[in-house]
Amino acid sequence: MSETTSIAPKPFDWSSPEAAARRKRRYAADRRLRLYGLISILTAIGLLGILITSLVITGHTAFLQTKIAVTFTADPDDIPADNPASGDFRAVVSNSVQGLFPGIDDPAALRTASNILSNGATNIVRNYVVSHPEVIGQTFTLEIPASDPYDQLNKGVIDRDLPENRRRVSDEEIALFESLEERGLVSTPFNWGLFINADSRFPELAGLAGAVVGSFYALLVCFAISFPVGIAAAIYLEEFAPKNRWTDLIEVNINNLAAVPSIVFGLLGLAVFIQIFGLPRSAPLVGGLVLSLMTLPTIIIVTRASLKSIPPSIREAALGIGASKHEVILHHVLPLAIPGILTGTIIGLAQALGETAPLLLIGMNAFLTSPPGGIMDPATALPTQIFIWADSPERGFVSRTSAAILVLLGFLIFMNALAIFLRQRFERRW
Amino acid sequence: MTGYLFLTILVLSLIAFYTGRSTASRFVAAHGSEVHSRPIYHGAFAAVWVGLPALILVILWLLFQDAIIDRLLVASFPPSLTEGASASQLSLYLSEVKNVAAGRIFAEPSPEIEAAAERYQRWQVIAHWAMTVVALAAAALALFLTRSRLAPRFRARQNFEGALDVVMIASAVAAILVTIGIIVSLTYEAIQFFRLVPPHEFFFGLNWEPQIAIRDDQVAGTGAFGAVPVFTGTLLIASIALIVAIPIGLFSAVYLVEFANDRVRKVVKPILEILAGVPTVVYGFFAVLTVAPAIREAGGLMGLSISPNSAIAAGGVMGIMLIPFISSLSDDALRAVPQSMRDGSFAMGATKAETIKRVLLPAALPGIVGGVLLAASRAIGETMIVVMAAGLTATLTANPLDGVTTVTVQIVTLLIGDTSFDNPKTLSAFALGLVLFVATLCLNVLALRIVRRYREKYE
Chain U
1 MSETTSIAPK PFDWSSPEAA ARRKRRYAAD RRLRLYGLIS ILTAIGLLGI
51 LITSLVITGH TAFLQTKIAV TFTADPDDIP ADNPASGDFR AVVSNSVQGL
101 FPGIDDPAAL RTASNILSNG ATNIVRNYVV SHPEVIGQTF TLEIPASDPY
151 DQLNKGVIDR DLPENRRRVS DEEIALFESL EERGLVSTPF NWGLFINADS
201 RFPELAGLAG AVVGSFYALL VCFAISFPVG IAAAIYLEEF APKNRWTDLI
251 EVNINNLAAV PSIVFGLLGL AVFIQIFGLP RSAPLVGGLV LSLMTLPTII
301 IVTRASLKSI PPSIREAALG IGASKHEVIL HHVLPLAIPG ILTGTIIGLA
351 QALGETAPLL LIGMNAFLTS PPGGIMDPAT ALPTQIFIWA DSPERGFVSR
401 TSAAILVLLG FLIFMNALAI FLRQRFERRW
Chain B
1 MTGYLFLTIL VLSLIAFYTG RSTASRFVAA HGSEVHSRPI YHGAFAAVWV
51 GLPALILVIL WLLFQDAIID RLLVASFPPS LTEGASASQL SLYLSEVKNV
101 AAGRIFAEPS PEIEAAAERY QRWQVIAHWA MTVVALAAAA LALFLTRSRL
151 APRFRARQNF EGALDVVMIA SAVAAILVTI GIIVSLTYEA IQFFRLVPPH
201 EFFFGLNWEP QIAIRDDQVA GTGAFGAVPV FTGTLLIASI ALIVAIPIGL
251 FSAVYLVEFA NDRVRKVVKP ILEILAGVPT VVYGFFAVLT VAPAIREAGG
301 LMGLSISPNS AIAAGGVMGI MLIPFISSLS DDALRAVPQS MRDGSFAMGA
351 TKAETIKRVL LPAALPGIVG GVLLAASRAI GETMIVVMAA GLTATLTANP
401 LDGVTTVTVQ IVTLLIGDTS FDNPKTLSAF ALGLVLFVAT LCLNVLALRI
451 VRRYREKYE
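First to last, the protein sequences are chains U and B. Okay, so the first sequence: first residue is 1 according to the numbering used here, each after it adds one. Okay, so the second sequence: first residue is 1 according to the numbering used here, each after it adds one.
To be clear, the hints were calculated from the coordinates, so they are not data collected in a lab. On a predicted model such as this, the values are computed, not experimentally measured, just so you know. Please note that a few of the clues may not be correct.
Said to hold, decoys possible - Some chain U residues well away from chain B (every beta-carbon gap over 10 Å; in silico): (1) 33; (2) 34; (3) 76; (4) 82; (5) 94; (6) 115; (7) 126; (8) 332; (9) 335; (10) 373.
Unchecked claim - Once the Cα atoms are required to be at most 30 Å apart in a straight line, the calculated BS3-like pairs of lysine-lysine come out as: (11) B:357 <-> B:266; (12) U:24 <-> B:357; (13) B:357 <-> U:155; (14) U:325 <-> U:308; (15) B:357 <-> B:269; (16) U:308 <-> B:357.
Just so it is clear, CB atoms sit at the ideal spot from N, CA and C, and this is done for glycine as well.
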């Protein structure tokens, strides 16, 4: 032991300036790491903030719609009383535009003026007269959506102070619009059309009804398939399956399936459901089938987790009074696991609701002006509708797209909140 | 129509349940405890055997009916139509026949088509009625057979549970069938593609211009299928995404595990999870609406010309999406390092930063690498962000300010619109899909294996 004493280091002076400097450096490294962590977290949260803020800033205007109160005269010469739908509503509309701007009779200026009203004005008037035939021969006032440039102008998206050649509406057009404003004919009520109209080429008429219905049908199909199949598969794997190569293979396979890119499921849907089975393109049925394949692994995984969390005492008690293994699971374990399964299923469906790529491949990005009537009709879904609008060149679709995204995020928040509520309300700690 | 059939089968199944149960109740009244199964199992046994086979029959029938009728229809075309017609021409005739049958007539159809449409309608009606009759007959037969088997000593519970087992096993196997379906369909179409375009051209060619003319009058590319620029574009965008996501995700995880208190963690973790829950189409729109213009403007200030669909905008936004993946998997990995290792390091006088750098990160490295690999697999398979924000033309470049295209973008653009399954343009999408599937599968298997092995080490 004499060697150890000979190589004993000479005592270190902890109070020396070098030591103090080194300590300082080491603590500075500590603080730096902490700072990097904070910066990273704040960056991530900041990016989320920017994402949401930019969507709200561009999207909030689409929840309001500029409307113009127009008085129409349902002249019996234009609209035959016995068949109002066949009437010349173009004439009715252009007459009332003339009535709006009494000073104008130059046809070119009149055409400019009539562009203030949405292109769908004739349809709106026709629908109104057909459902209220008693107005024929009288005058009536309707709130007609303003066409996109004037809508943007009214909401301040188009700056009136810019030089004329740098904005989309000319001085003359602004003057026409301002004359309407002075007479108090312009209003901006809440845009119910965003929720009750289907898609349209004209931003001021485009709505999400078709997409919401399409998404609903697709999710319904997805739920009807993935929920029972997922639970049955999970029960088998968790409770009955022997531990062997085959069940191992199924397990690995399910874990991998959960990580396959969604677009590959779209390719599968296109090649198998549409090409081989001949199911219709663009149908929510096919969309739901594809989404169910993607949701299935999620549901299997959460169901297994909630089955696992049921304590063995429950099973043993049931077995002890003579229940068969199936009875133990169907009568005791599964009912206790249902809240957890439902929570996981809702989260899986929320993921499916936001999925876009596979739906594009099976053609759920069609342009459709009416909501689907069933799971076999062509349809769009909310995320594909967002994609279609994002691709549209009209300026008004930018805010519509943001608004559609906000609606989609609203649905997702609702579903996740429901899942959290279910978990907190029904979760049992054993 | 088909809905009523399902409903009828369901009603028959319910009838079977109630009659089975009441029959068994009479057994109980007559024989007491000699009856083997409880009445409800007799009912369930009858219901399963009446409902299930008929339902499966109807579903299979519906799946294959259209395909078979199509085949028959093509076979029944008179030779004047089929003579020298290509497959795409035949499918055009087929859709014309269907349009005529559905009453959507645009031009005066030829007499052959009209005759075929009439046949089509007739066959559809026949097929539908045949299906109804066969399904209901199967259900009725099952009702009769199950009734005759009910007896006091009949083991109805075992029988019913056996049927349940079959259903459960079939469900578990369905998950495998999906994988097999993916592999078979992608491989089959990819082989069709490689018959038209040799594999070496696809894997090593430097020129990608797949937009060939489907009709003669279209303006189109030359039909070059060298996928190297597509692969490099994918790798470029994925690398940019990882460069953004790895530091932010890793530092966040370190902070949350080692520095933050419980309250901060409870607030921050769910917020980071929100980033993973935002649909990718939203990120895509965000990239187009906000990020790409901002980057262009910033580049303009520095005197750089940045393409409007630059790789850096798409990759950067994809990086935001990947932050929560990296942070939550690194979080798990750091948390799994035993406390004793931290304590040992602190006992030696190491500071927190030194402990993290020298002890925790090396110990958690496999888990972190697994997380990065999973994120990489996400990045190359991600579709909507790149479809909306990245370019369409395949340029062979490593410059992040240029526009590049990716595998997923090409798949989507190739398959939107005209899709007929006999030209290399459509089929090349499946070849790309196969490459994508194999690449992500390898990354996932590798990542899961690393993560699992690592977990075992500390447990």
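Going down the list of hints, with the structure as the test:
Interface exclusion of residue 33 of chain U from chain B breaks down, the closest Cβ pair being 4 Å apart, not more than 10 Å. The Cβ of residue 34 of chain U sits about 5 Å from the closest Cβ of chain B, inside the 10 Å cut-off, so the non-interface label is violated. Even its closest Cβ contact with chain B, about 35 Å, leaves residue 76 of chain U beyond 10 Å, as expected for a residue assigned away from the interface. Consistency note on residue 82 of chain U: stated as away from chain B, and its beta-carbon is indeed over 10 Å from all of that chain's, at 27 Å minimum.
Annotated as non-interface, residue 94 of chain U keeps its C-beta farther than 10 Å from every C-beta of chain B; the closest such distance is 32 Å. Every C-beta of chain B lies more than 10 Å from that of residue 115 of chain U, the closest at about 27 Å, which supports listing it as non-interface. For residue 126 of chain U, the condition that its CB be more than 10 Å from all CB atoms of chain B holds, with the nearest at approximately 24 Å. The non-interface label for residue 332 of chain U is consistent with chain B: the shortest C-beta to C-beta separation is roughly 15 Å, beyond 10 Å.
No Cβ of chain B comes within 10 Å of the Cβ of residue 335 of chain U; the nearest lies about 16 Å off, and the non-interface call holds. For residue 373 of chain U, the requirement that its beta carbon stay farther than 10 Å from each beta carbon of chain B is met, with the minimum near 13 Å. At roughly 25 Å between alpha-carbon atoms, residue 357 of chain B and residue 266 of chain B fall within 30 Å of each other, so this suggested pair holds. Between the alpha carbons of residue 24 of chain U and residue 357 of chain B the distance comes to roughly 18 Å, so the proposed pair stays at or under 30 Å and holds.
Taken as a hint, the residue 357 of chain B and residue 155 of chain U pair is broken in the structure, with Cα atoms around 54 Å apart against an allowance of 30 Å. Our distance criterion of 30 Å between C-alpha atoms is met by residue 325 of chain U and residue 308 of chain U, whose separation comes to about 15 Å. For the given pair, residue 357 of chain B sits about 23 Å from residue 269 of chain B by alpha-carbon distance, which is consistent with the 30 Å threshold. In summary, the hint linking residue 308 of chain U to residue 357 of chain B is not supported, as the alpha carbons are separated by about 37 Å, beyond the 30 Å threshold.
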